[in-house]
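Q: Protein chains in written order, with this note's numbering: chain A, 1 to 323; chain B, 1 to 360; chain C, 1 to 320; chain D, 1 to 519.
Simulated from the structure, these hints should not be mistaken for laboratory data. Computed from a predicted structure; not experimentally measured. Don't take each hint at face value.
What the hints assert, rightly or not - Label pairs and their in silico Cβ distance ranges:
(1) Glu197(C) - Lys323(D): 43 to 51 Å
(2) Glu114(A) - Asp99(C): 56 to 64 Å
(3) Val299(C) - Asp79(D): 50 to 58 Å
(4) Lys190(D) - Tyr12(B): 51 to 59 Å
(5) Pro147(C) - Ser145(D): 47 to 55 Å
(6) Asn380(D) - Asp99(C): 36 to 44 Å
(7) Asp337(D) - Arg189(B): 57 to 65 Å
(8) Lys120(D) - Asp137(C): 49 to 57 Å
Just so you know, even glycine gets a beta-carbon here, dropped at the ideal spot from N, CA and C.
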Amino acid sequence: GQKETPTDGENDTSADVDEDSVEETKVALVVAGGLGDRSFYDSSHEGVEKAEEELGIEYKVYECRNDPSLFTDQLVQASEYAPIVAIVGHEFHDVAQEIAEEFPDVYYIYVDTEIEGIDNLIAISYAENEGSFLAGALAAMLTEEDSIGMVGGMDIPVIRNFEVGYKAGAEYINPEITVETIFAEDFEDPAKGKEGATALYSRGADIVFQVAGKTGEGVFEAAEEMGKYAIGVDTDQRYINPDVIVASMVKKVGLSIYDTIENIQKGEIEPGKVVYYGLEQDGVGMGYGTDDMEQFATDEMKAKLEEIKEKIVSGEIEVPEAK
Amino acid sequence: MNSKLFKKDLEYIVSLVLSISASLLIGALIMMANGRSPAVGYGALLKGAFGSKYNMANTFAKTVPLVLTGLATAISFRSGIFNIGGEGQLYLGAFAAAYVGITFTTLPKGIGIILAIIAGALVGGLYAFVPGLLKVKYKIDEVITTIMLNTVAVFFTSYLVNYPFATTRGKLNGTEIIADQFHLSRLIRLSTLNTSIFFMGFIALLIYYLMEKTSTGYDFKLVGQNSLFARFGGINDRRQMIIAMVLSGALCGLAGVFEVLGVHYRFLQNISPGYAWDGMLVALIVKNNPIGVIIMSIFFGALKTGSISMENATSIPSELVLVIQSIIILFIAGEAGFKEKFKEWNAGRKVKQKAGERNA
Amino acid sequence: MQEERLNKRQVKGMLKQVLNLTLIQHTIRTATPLILAALGGLLTEHAGMLNIGMEGMILLGSFFGVLGSYYFGSSLAGVVLAGLVGLVVGLIFAIFVIDLKSDEFIVGIAINIFAGGLTVFLLRSIFGVKGAFSSPDIIPLPRLNFPGISSIPFLNVILNNHSIFVYLSWIFVALIYIYLYKTPYGIWLRASGEYPEALETAGVSPKKMKYIGSIVCGILCGFAGSHLSLGYLTLFTENMSANRGFVALAAIIFGTANPIKTFAAALMFGFFDALGIRLQVVGVPSQFTQMIPYVATIVALFILTKRQLAKKKRDREGAA
Amino acid sequence: MYYMTKKLIQVKNISKQFPGVLANDKVSLDIEKGEIHAIVGENGAGKSTLMNIIYGLYEPTEGEIFFEGEPVEINSPLDAINLGIGMVHQHFMLLPSFTVAENIVLGTEPRKNRIFMDFKEAVSRTEELSKTYGLKVDPYRKVESLSVGIQQRIEILKVLYKGADILILDEPTAVLTPQEAEDLFNVIRKLVKDLGKTIIIITHKLQEVLAISDRVSVMRHGKMIGTLETKDADEQILAEMMVGREVLFEKLHKEKIPKEKVLSVKGIKARDNRDLIALDQVSFSLNAGEILGIAGVEGNGQSELVEVLTGLRKMEEGTFTVKGIEVFNKSPREIRDLGIAHVPEDRLATGLSSEATIWENMLMGIQHTEPYAIKGIHMNKKKIMERSDRLIEEFDIRTPTGDLPAGNLSGGNMQKMVIAREFSFNTPILIIAQPTRGVDVGAIEFIHSQIIEKRNKGAAILLVSADLDEIFRLSDRIITLYEGKITGEFLNGEISKKDIGLYMTGKHMDLAGRGASNE
Ligand SMILES: Nc1ncnc2c1ncn2[C@@H]1O[C@H](COP(=O)(O)OP(=O)(O)OP(=O)(O)O)[C@@H](O)[C@H]1O
Ligand SMILES: Nc1ncnc2c1ncn2[C@@H]1O[C@H](COP(=O)(O)OP(=O)(O)OP(=O)(O)O)[C@@H](O)[C@H]1O
Ligand SMILES: [Mg+2]
Ligand SMILES: [Mg+2]
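Take the sequences, apply the hints, and build the full model.
A: Shown next as structure tokens:
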């Protein structure tokens, strides 16, 4: 039933959900790109997978494969399938608002946005800059050359937000440090990522932070080949190559989606608000892999990062933000 | 006299239908090999493409950029100049429309939209003019220049929307939203189908008329078939080629304009998933026939919306749909060849039969 | 005055940062897949067929290279498998274009779509992953070191320690040049594109030549792909060919299908790519640096053509 | 086989069906060893098709071929070559961007170390052959830069290089000057007499048939009409067999027309495609009601002259005036508007689009004018078709409908289509190049009579032809062109065919010199 009178109370909504969960609550995951990036989208997928296991939901993934003509279609199909739709990708900015109004009974969990004021849309925003601040600080502590780098997928706002945080973090540890960034202008060309990283390494950097999707896979290869180090992004990527990936800046997309689904089920959400996942909320942070991996970050470094984190949370350190 | 031609058209349609059926059959085999039911798969595909008013609207929404870029290809290829740069022209045209939509916010609706359309067509046309001129004046291959210019346009607009024209609201790599009066209205709830389809229909008619019914269309065609003959006959073949190129660029620019005015309401960094390439494919398959472009665009639009529904409904992975789609394309491309081979084989058989009769 | 000098020094410093030996290394590495594919493509070009399916052929090569290397534990197996798959696709291209007289553009596009779909599908159904596949079990192609030149600093940096296909691609340039211009078979191949009837009446089947050209193109594109996934990188990701097939096509047209000129065009492309990445570091926006190879190609074409026209004019005036 | 036979090749009941056309209909033909066998027939009679079947290029729909009494399957030219059959095709089979030597050895190249092309050997073999048969060529030159006469030589050398015993020559003389044709016949005679080769020759020139062949076979509408000993034949008999009715070789009636100068050419200088001077200080004038023939060996500037006068080529110096209006590098459109129509020498390259339909081809040049374009925009299909159908009828163009692609027409009918279009414009000036190249006798008669009719109606006609007979038959006045310069001007009747040849080859200087020394 579409275009019913909009529900105005929380009770109504939760009643709706309860009705559905007589059998099983369904969740649709809509991603702008495709799964398999071993970072952002895969992380969101982990969230719904976990929800399937632990909350007993049933889910379906709708991939748009970076085709903007599919954004609306997939979102509509997802909304017709499930009462909870998780949307992943800043590309949905306009479409999500439009469709959310059309399906007032569906809860939308929109990751990576700051849209406010839509009753059935929960916006989740990550402080990439805060997480990257830690990554930069760690890189600055690890580097032996006082020179570090970053390979970005594209010169776009989301990626620049990583960049400013990274740089600020590094400079917090060592104001004299050199931080250079190269944008591949492509999220799907690992060869380009490799060349970018190689260029950075041969200019003296010994740690490169990748924020470039599949292009970033090439960064790890360059690190391995040149005997240098890399920092992963979004998920804990150490497993890809624990010898060169010293740590990852983790954006807990999956976790936040899982939490939100759980909260919706419990009826504990404040619709129309932006939920910030910064260091304070543990929405971003550092990943050091599993215990069987060699740890590059020493305990002191980790402690130092913990200290920085506290300072950021308390507001003592102010992390810059990209426009 | 005319029945002969009609027979030829009919033959073409029959063999086209046969080719498509054959490829769908192969697709069915692939699905079965993967343990899926082709009946369910194709059922979902058909339902997804035409199952309801909403689905049909989606299918038709997809045809707008295809028809425009398809006609753009048809016009340039028919004139013997190969515009492969549609994608770049589309990007620039789209940006131009967005620029108009965010700058001239006080214009009244009609004028504003027309201005945006003109701006997009103009920019797209100008961007095609460059390779056209290089081709005609310096004989620099237009295929290579247009391919290069595609990438240049994509990067250039990417710069524009990330720096000088970046939106200040939301983490989005796009321009600001165009003013309200520039929005083309949507026609069916939830679908992006909008009034641009009427513009498209009008433009398609115009182009069809130009290509098939006017002396200028004749000039284009004959320049493409034999430019020396055209020059001999008094056509300014070089000018004609440049005009074809600019017209083609303008159409691609328009495809971009309508994405902005009708679908996204702003310019987005990756606004086209390769519309111009799909349009080119459509035009090539129907041998640059303008009516064919429209029909084939609907077919491709249906394939796209249908395959998404099929993927969602049956969990037949969309990659498989791509594989099937490529086989369909191959079979349509081989249509004439298959027909010929069949005729040869048939003729051979008849002669052998005859020889057999004689011997007996 | 003072200021100007300072600026000059600054510019010099920037140039020094940008122009160094790693630039040349980068150029060579980036150009290699282009060279391999372009060498194949120029054969079909000579045989009268424009192959825009190279993009898909490279992608298939990348995938099957990884597949072969992973399953047989040998990079050679990967290369062979990639070559075989290239051969099959080249054969399909040939059957449709030559025998069924299909439009080569359409067949090329179909191959590209097919490759995009199939690799992702197989990635999921064989390796159970999406997006990317990397594993220590993928055996990369060997790298070569020539001890003889390792003591010469300049040559050592530029020529040593490349993946084997880098050197092979240079050898292929020479071989294909000799094949095309020094053997009867090369003449036949070129004749099959220029005027097939002439070749046919001379008793050689132009169809056969076109098939050979198309198949060898498929194999070389397969090699280009396997180099990308086993030599340049050691992994497969979706769409990792990233338009290299189209750039290779541009190199062919730029180099007028002459192997040496095409080789030079591919190197030029690699050079501008390398330059672009380095210019970012000195502050040029990335969108512009990434544009450089493409703009440079057009500008270079323009200058070359103008020079040719001017030369023609000079010759004429000299003659008159 | 029990009996010895002289019969080298026997073709039995060969049929060839093309889509819509039965090109050969149960054709039988015997070729004897050591003979020169001519084959004649109208355009589209199926001569080339038959030869292409013998050479393995086309697969017959039915029928058999015997070689020295044995049935053979000739599936490809290679099979034919292996049987010792060589063929010179009606259209050149030469690779323009390759050298003469490369073209001659194509397919069976001499080799070094088994895989490498031996260029030196190719060159020396070419030179050797060239000497043996007196067919002069430069082995290093690229074919694209050579005249058609030379290209024809290369074609013959190609066949001889392959060591063919049977030579099929499909219209070898169509593009040759009389002198070149005579040279070719000498070579042919030598091949037969001294080397025992067998020749099959197709030609539309009946005098040539009578001059060179031992036997002649006539085809009509895909059928073999009959074979006769040449000594029993004459032009009249052959022509009748060809067209199936009496052909009148009428004397063309030329009316006297008052002279008025309509075209005057002053000091034109232009370059050819290779940027060499092709026309140098060419001046002449053309009057209404006259035919001015330009005689010259091909490649001496005729093509360039026509192109300059029709706006297809730029001139460097000079000018020409059309009815008092001066023209310097105007576009073809502007020149057409001044009243010049043009029948180009190469109909396929310049005169038509083979993809386009016949009516579309007929429309070229008037597509923007009323009543064919309403307001210059909308094509008036009805009027266009009416006109096209009328022209098809008037000019006897053999086609079921004007709606078919022009490429489906036979060469002669294509030519009639081009002439029909250009003549229909009723311009005061006509520039006509090679109007009957590769066209059969019936069509030649028709085209000639049309040209004369135009003249009699007062048109000024510039006629360029490599066929001297044609020049002499039609022209009122003749000028000779040699190396881009005008070497002589004569009224028809003032000079013999033989003497004019000296002007065409630049040897008139010798003549003048000799004359001087005689005195
Ligand atoms: N590199 C090649 N490129 C194209 N075709 C080739 C090539 N190598 C061999 N062929 C094909 O193989 C066939 C046999 O080749 P070729 O004629 O050289 O064999 P051969 O009998 O060894 O010749 P020769 O006696 O001159 O050494 C040829 O018809 C040719 O079409
Ligand atoms: N490849 C082909 N496809 C279709 N029709 C053809 C083909 N070749 C020839 N024809 C048709 O077959 C008939 C015989 O053609 P052919 O070339 O044998 O005639 P011809 O006697 O050589 O004429 P000409 O004197 O003009 O050379 C013509 O009607 C021609 O249009
Ligand atoms: Mg013919
Ligand atoms: Mg013939």
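Q: Among the hints numbered above, which are violated by the structure, and what are their numbers in rising order?
A: none
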